[in-house]
Amino acid sequence: MATLLLGVVFIMGFLTFNVLFLIWLERKVAGHIQRRPGPMEVGPHGALQTVADMLKLLSKQLFTPVAADRYTYLLAPVLVFMPTLCVASLIPVGDAAAFAEMPYGLIVITALSGLTVISIFMAGWSSNNKYAVLGGLRSVAQVVAYEIPVLLSALSVVLIAQTLDLQQLGDTRSWPHLFGLPLPYVVVEPVAAVIFLIGITAETNRAPFDIPEAESELVGGFHTEYSGMRFAMFFFAEYTNMMVLGALGATLFLGGWRGPLLPGWLWIILKSYAVIVVMMWARWTFPRLRFDQLMSFAWKLLIPLALANLVATALVLGAIA
Amino acid sequence: MKAVLRVARGIRSLLVGLGITGRHFVRPIVTLQYPHQRPDVTHWGGPIELVTFPETGTHDCIACNACARICPSDCFEIEGKRPEGARKMRATKLLIDFSTCSLCGLCIDVCPTDTLQYSKRYDDAAFHRVQTVNDLLVPFGEDPYLTGKLK
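Chain order of the listed sequences is A and B.
Under the numbering used here, the first residue of the first sequence carries the number 587, and numbering increases by one thereafter.
Under the numbering used here, the first residue of the second sequence carries the number 84, and numbering increases by one thereafter.
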């Protein structure tokens, strides 16, 4: 029990700090892509800018629309963070270290990460605002569509590894070998890795898949009516989700916590950041897709491609066996 | 086949886009951190100011009123005094109301002693209209001709 509590405290602490860092990183990446320095004023190279923003959000007035469905409205920003936290505890960070161990970890993770969308929909629906409802609906449609290719691409890794346990996925003996050298799964499953990256970008509602919160059409989408710290919770959940799904991607495709010299927990963090930087890079490169483009991209291209990749993996594995 | 080609073209264009932003990411920044770094203004005609001549170390305004007469916006207010034993007058009061000045430059052209010029200032600001009146003699302090230091 004590270790469990400690684990929760540790994960919460790390994720909070991490969100502050990621928002700063996002703004720096955005700045440098646009040939400007990004935040520079608060702290060295603007490192404390997000702390200042956080304090501002904490001190802002909380509004509840009169016609809102009060309890759902208040519950949504609290709930949005829960699944992400559960998923975070399942990511293995070392040989025998994950805060919670599950023999079917991958299934649990995919099930839980699909839950985030329910709180997003709760937020959109209970706000009693047309833009918020539209944002929530879009989010549901999008996450349902993109969950499938994410799962399928993860499955093709599972097919090779023959395990759903994330701990065993990091075991080099289950990795594909070339001349006796273990290779991370990204080498043998590059298509699945790309599909997974696209899928998690869509699942975290980030540009170019950010139509649920599309500023130019929906004001702020599902979080239009939220202010102050409640809004910050959605922001917080988005970046935490990014971190966790990035870590999942690193575990599945980049060899998890395995790496020379540095300790395991540092490797998994570095690899997750690498995934996240690619997501940020994409965000500041591509324009937002239209809703029908987004849907046809998922159903007509990504899902068939992921399925074909899965079948091809199975056939190759069968031929080897 | 056509669809596959279209997808391939699409992927290629996405990669090209990533390449462009990636290149710009590693290039040096082009913006200025404004209050800390100030732009180097060379081609800029700011509020009118008096020229400091290096020979005398001061301006050469003789309060002839030529600028006040030609000014289309009537923004000058000039008074002058003749130093003892001197031939030329010296300005004792030279105000320009910048809120009405249109920076047309006629005063600069008409000045017989060429002692008016555009300044390089670009960030003059005020909260009240009276604060927009520039006293051009302030930077010069005491007039060396009027105090008899220069003849």
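The set of hints was computed from the structure by calculation and includes no laboratory data.
Here a beta-carbon is modelled for each residue, glycine too, at the ideal position from N, C-alpha and C.
It is possible that part of the hints are untrue.
[Said to hold, decoys possible] Simulated DEER-style distance windows between Cβ atoms:
no., chain 1, residue 1, chain 2, residue 2, range
1, A, Lys646, B, His211, 55 to 63 Å
2, B, Ser202, A, Glu801, 52 to 60 Å
3, A, Lys886, B, Ala208, 28 to 36 Å
4, B, Ser96, A, Ala900, 29 to 37 Å
5, B, Val113, A, Pro768, 38 to 46 Å
6, B, Ile112, A, Val594, 18 to 26 Å
7, A, Lys646, B, Pro222, 55 to 63 Å
8, B, Val87, A, Glu803, 52 to 60 Å
9, B, Trp127, A, Thr658, 29 to 37 Å
10, A, Val594, B, Gln214, 40 to 48 Å
11, A, Glu801, B, Asn148, 41 to 49 Å
12, A, Ala900, B, Gly93, 40 to 48 Å
Okay, the hints, checked on the actual structure:
Distance hint check for Lys646 of chain A and His211 of chain B: the Cβ-Cβ separation is about 33 Å, which falls outside the suggested range of 55 to 63 Å. Look at Ser202 of chain B against Glu801 of chain A: about 42 Å separates their beta carbons, and that is not inside 52 to 60 Å. A beta carbon spacing of about 57 Å between Lys886 of chain A and Ala208 of chain B contradicts the range 28 to 36 Å that was offered as a hint. Hint check: Ser96 of chain B to Ala900 of chain A, Cβ distance near 32 Å, so the stated range 29 to 37 Å holds.
Our hint of 38 to 46 Å for Val113 of chain B and Pro768 of chain A holds, since their Cβ atoms are close to 45 Å apart. A beta carbon spacing of about 41 Å between Ile112 of chain B and Val594 of chain A contradicts the range 18 to 26 Å that was offered as a hint. A beta carbon spacing of about 46 Å between Lys646 of chain A and Pro222 of chain B contradicts the range 55 to 63 Å that was offered as a hint. One distance hint, 52 to 60 Å for the beta-carbon pair Val87 of chain B and Glu803 of chain A, is violated here, with the actual separation near 32 Å.
For the pair Trp127 of chain B and Thr658 of chain A, the beta carbons lie near 58 Å from each other, so the given range of 29 to 37 Å is not met. In this structure the supplied range 40 to 48 Å is violated for Val594 of chain A paired with Gln214 of chain B, their Cβ-Cβ distance being about 59 Å. Distance hint for Glu801 of chain A and Asn148 of chain B: a CB-CB separation of about 58 Å, inconsistent with the stated range 41 to 49 Å. Here the CB-CB span from Ala900 of chain A to Gly93 of chain B is close to 27 Å, at odds with the stated 40 to 48 Å.
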